[in-house]
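*Asks:* Letter by letter, the chains look like this.
4 protein chains.
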Amino acid sequence: MKKIAVFTSGGDAPGMNACIRAVVRTAIYHGIEVYGINYGYEGMMKGNIKRMQSHSVSNIIQRGGTILKSARSEDFRSAEGRRIAYSNLQAQGIEGLVAIGGDGTFTGAKRFHEEFGIPIVGCPGTIDNDIFGTDYTIGFDTAVNTALEAIDKIRDTAAAHDRIFFIEVMGRDSGYIAVECGIGGGAEFVLVPEQKTELQDLVKTFKNLRKSKSSSIIVVAEGDDAGSADQIMGAVKASINDPEKEFKVTTLGHIQRGGNPTARDRVLGSRCGMAAVEGLLQGQKRAMAGVVNGEVCYTDFHDCITKKKVLKDDHLKLIEILSI
Amino acid sequence: MKKIAVFTSGGDAPGMNACIRAVVRTAIYHGIEVYGINYGYEGMMKGNIKRMQSHSVSNIIQRGGTILKSARSEDFRSAEGRRIAYSNLQAQGIEGLVAIGGDGTFTGAKRFHEEFGIPIVGCPGTIDNDIFGTDYTIGFDTAVNTALEAIDKIRDTAAAHDRIFFIEVMGRDSGYIAVECGIGGGAEFVLVPEQKTELQDLVKTFKNLRKSKSSSIIVVAEGDDAGSADQIMGAVKASINDPEKEFKVTTLGHIQRGGNPTARDRVLGSRCGMAAVEGLLQGQKRAMAGVVNGEVCYTDFHDCITKKKVLKDDHLKLIEILSI
Amino acid sequence: MKKIAVFTSGGDAPGMNACIRAVVRTAIYHGIEVYGINYGYEGMMKGNIKRMQSHSVSNIIQRGGTILKSARSEDFRSAEGRRIAYSNLQAQGIEGLVAIGGDGTFTGAKRFHEEFGIPIVGCPGTIDNDIFGTDYTIGFDTAVNTALEAIDKIRDTAAAHDRIFFIEVMGRDSGYIAVECGIGGGAEFVLVPEQKTELQDLVKTFKNLRKSKSSSIIVVAEGDDAGSADQIMGAVKASINDPEKEFKVTTLGHIQRGGNPTARDRVLGSRCGMAAVEGLLQGQKRAMAGVVNGEVCYTDFHDCITKKKVLKDDHLKLIEILSI
Amino acid sequence: MKKIAVFTSGGDAPGMNACIRAVVRTAIYHGIEVYGINYGYEGMMKGNIKRMQSHSVSNIIQRGGTILKSARSEDFRSAEGRRIAYSNLQAQGIEGLVAIGGDGTFTGAKRFHEEFGIPIVGCPGTIDNDIFGTDYTIGFDTAVNTALEAIDKIRDTAAAHDRIFFIEVMGRDSGYIAVECGIGGGAEFVLVPEQKTELQDLVKTFKNLRKSKSSSIIVVAEGDDAGSADQIMGAVKASINDPEKEFKVTTLGHIQRGGNPTARDRVLGSRCGMAAVEGLLQGQKRAMAGVVNGEVCYTDFHDCITKKKVLKDDHLKLIEILSI
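The listed protein sequences derive, respectively, from chains A, B, C and D. Each number in my numbering comes from the position in the first sequence (counting from 1) with 1307 added on. Each number in my numbering comes from the position in the second sequence (counting from 1) with 1307 added on. Each number in my numbering comes from the position in the third sequence (counting from 1) with 1307 added on. Each number in my numbering comes from the position in the fourth sequence (counting from 1) with 1307 added on.
The set of hints was computed from the structure by calculation and includes no laboratory data. If you're wondering where the values come from, they're calculated on a predicted model, not measured in any experiment. Each hint should be verified, as a subset may be incorrect.
No copy labels: a pair is met if it fits in one copy or bridges any two.
Pairs of lysine to any residue residues, derived as SDA-like cross-links and limited to a Cα-Cα distance of at most 25 Å, are as follows [unchecked claim]:
1. Lys1552 / Ser1361
2. Lys1614 / Val1599
3. Lys1544 / Thr1558
4. Lys1619 / Tyr1443
5. Lys1309 / Ala1545
6. Lys1615 / Gln1369
7. Lys1615 / Thr1504
8. Lys1309 / Gly1590
9. Lys1614 / Glu1602
10. Lys1520 / Tyr1336
11. Lys1309 / Glu1501
12. Lys1310 / Arg1418
13. Lys1624 / Asn1600
14. Lys1619 / Asp1442
15. Lys1309 / His1420
16. Lys1619 / Gly1541
17. Lys1592 / Gln1399
18. Lys1417 / Tyr1342
19. Lys1353 / Val1603
20. Lys1309 / Ile1628
21. Lys1619 / Thr1606
22. Lys1511 / Ser1361
23. Lys1503 / Gly1530
Make a model of the complete structure from these sequences and hints.
*Replies:* This is the structure we're talking about:
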């Protein structure tokens, strides 16, 4: 293998730049030419491909976002789109790809490999931590810390005014962000898609909270089955029906996607990027490089996409115990 | 004057604790007994008053929120409520008050002084920076920096995806927060209540932005005359009508109220707190202690409430020039 | 078991408060009375022991330091000191202990258990990450992120002035902090006690760095075999002997011990604290509760103290590759 | 005036990039060509000058350091060096300069103007806040907040271990940084060059501190007349001579120079940058653009260099009162 290319796709995540940097420098270290594709699959179809050098990735490890830009591509879903993309790669002589993104990215990569045989190794770049085959995804730790700092700030106001705050965090269908920042933020309740949310139980427990708790934080994962934080707050407020209690909602939104990556995300991004290039060199064809139990490992895209990562039991128990 | 009391009222703001600490220690320094009233006017009516010592305010200067809690009080609007409040102060022998809050707080303080003659000095504690008689209010600098850090994070994502973000910041009827974090965040536009927002002008300028600008940040003050960030985004999106452009809205919300105060807010809170106590000792009756042009000064509550602080001309010009 | 006590000992670490909170609330959840011992073994000998309630640990999860204070105790090294300590515990009816600290703490705990039979479970609270039996120690992640943020700031100046900075980080005999913040900070070199530091190799590689690298960061673990950052800088500067190159040293020092804990440290502290109490209930006698491969597990104090945790191979390789 | 150039000189400061950005865009806004000179006077002599466009300064407002790099230049002190520098400017047709830096920078600028007549407007870029003609210098607010966050972290450890910390902060001959972060950090003492430090008074007051104060923070300005923090700690420790008390020293060092600028520094940098260009257009010849009492104003370099800014009286009083 003499030439490879790297791209980011789907939602951006902090640590993607650390990953790109590791891909570029590991390739150069092994004597391979490396190219960057801008705007993911969209750029692949448009031939938005450029040579990268070691200095192309200087001073980016600490930056959020992705210097290669990202996009979601409709056209790549068509056979014609993928054919054009492949011929652009061929024209440059690119023999292998590193795809940084989430399950949508890997679904596309798997099909692309099946159709054209080009080896692709993925890196798990998404804040949601919903990818099987890695304990953590690149960006998750930063998103949790960002959400946590926001919860710390909101707690100041909640405590000053004896208010009850419902805080909605990201995570799509996964409750990981909610659980970790719920534990870390000292939340009284955490509502996640993985557990059926029974609002009447919530209301009952709520009324039983010790009297000295005048303020409360409820963290709601955006994918919760009982609805948005706003809807849940409305239902709880109506059930509790206590004019003395003040209820507020905050949806943290896009601040969770950006920001300088934490140490953990920089190290994870760097490890996955290095492993992706070395995986291509070692003959990996369509797998994701992740870190499981502290060690780099490769998981077939098929498993990454179809298998489900589950929340840890003791995390949910922690929330119950620690809110007393 | 032998005994004074301090309280916080209205929305909490970072730096209120620094101010409380300064009031308590300055009083003790001058040999005066000092009491804390919990929950503002509400607590005054309920007799929620306790003696404070130097150590009562140890290790709080760096904390957001207010250790004295805050509340808005309906009952204090009634003559009967105020009469009860005053008799509670009399019962404790309290001869002067320090009121930390915004214009609502000072409106109440002014009336209370007029009715009962008790000297009251205020400290400008609100993130909105909308109080006449001080260049900055306690909490404003922290709120601006919090909003700015959020904008920095969102810009990562905006740049990665070539998106246009409308970001709504706090400030009630004042555009101060929006202007400062608009300049600091490199926003392309800042919409404030102090200037009539012409959406068609915005759309026109928008189309003329140089082509290399693929992403944009528009900061919207919550009190803007053209509506919420969400409404304005909808109107702009409809006018531009370009399916290639992706528009997003984020409302920063309550994170702007909390968090560890910045150096500036700790120093300002400390200065105002010291000046409030010294003002009472020097015979101030119903004035706010603020900092104008770097020096402590006292402004009659009447002026604080009725006069309007204006945005600086060069700030608005800066935004126009710097977004080219 | 009806009554237990918890204490912190040795150097403080961010996340200790999260751990104390989890110990207190898990105990209460299981119907056990819980006491806090101030100042570690020193306080145990002085009978500085007080009952804790659920609200005793409210609003501390986000704070650095330790509300139970910490100290190093000379007297506890004597048999007489330990006898007094034990009789103080007996007087209160305390039947089990949770000891939060590092290897010094566990060495004392092991001996105390051997002499008096009292069950003790430890939690790994130290920034150094040098404890066998847990993948990470409580406080390590925060320390790494603090050091990393400092490196990010210093890089601004290094880049502005084309300087070479030697940055000394903590970690005692362990290179963990240095390695993680070296990778995350994009350091050109990382010097750790686990690897023999050959200064002449360093100088040679240094001269070979590509010309476009005008500034460099060298992270030095405080326990490095070649000396302090200051000594190493002196030797390198003398060898390179280039008046055009400007060399600087920064020793990060105690900022690495404090600060609000990261999400990871709050969750780890909470998990270990819960596991410590449940370990006591399940019959653990002298073990540390840690997290290995994502799961809680217990390791005999003997192993915690005598076995050595090793750096990951791919981490050291990463630094070599990524600095090209 | 058709062509101007901008450069940074002396120690870098956060907010310099915001200032450069404002200079570039204000020039373009007024139809003027603008050039950037790398490495200050050194680059001017070497002809390291390049054209800048609006996009040259995109996405830099939030970055520490200076994209134009900085250097101290020996050669510019010679008449020959300055002659070469001027001929390089002439070759490019540059008719005016914006110099961002501190008093060394302005001393050079004043002489350069006197010798060659080229109009120069300065912007006060230094963390030390020691420039007459502006209430604050660009970078000061960020440096204070960085130092303050470090003090907050150290206080965690000081409190956990009942220690006394001497913390040395930057500021050269000025005590501004020390005073603001001393007030904001709740320091018990602040030692500054502007006040004679009597160590025996310090020791005496120290012994009189109320007993409940087990930990203390003493902030020492690097230019203090009694020596470095390390020396002062040694003297105080020897005088107090209490083996129970633990004394520690931390020198914050270069972290104070870097980091993302605060809102205040971004706004100040932007205002000064705009004012510098407009000053050149309005005929300013050798003045610094600063902000005094909230308004932009110009001060002759002679005054900037020779007049001394004094610390505010109430700041020093605050420290005395608030440490009780």
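*Asks:* Hints the structure violates: just list their numbers, smallest first.
*Replies:* 5, 6, 11, 16 and 19
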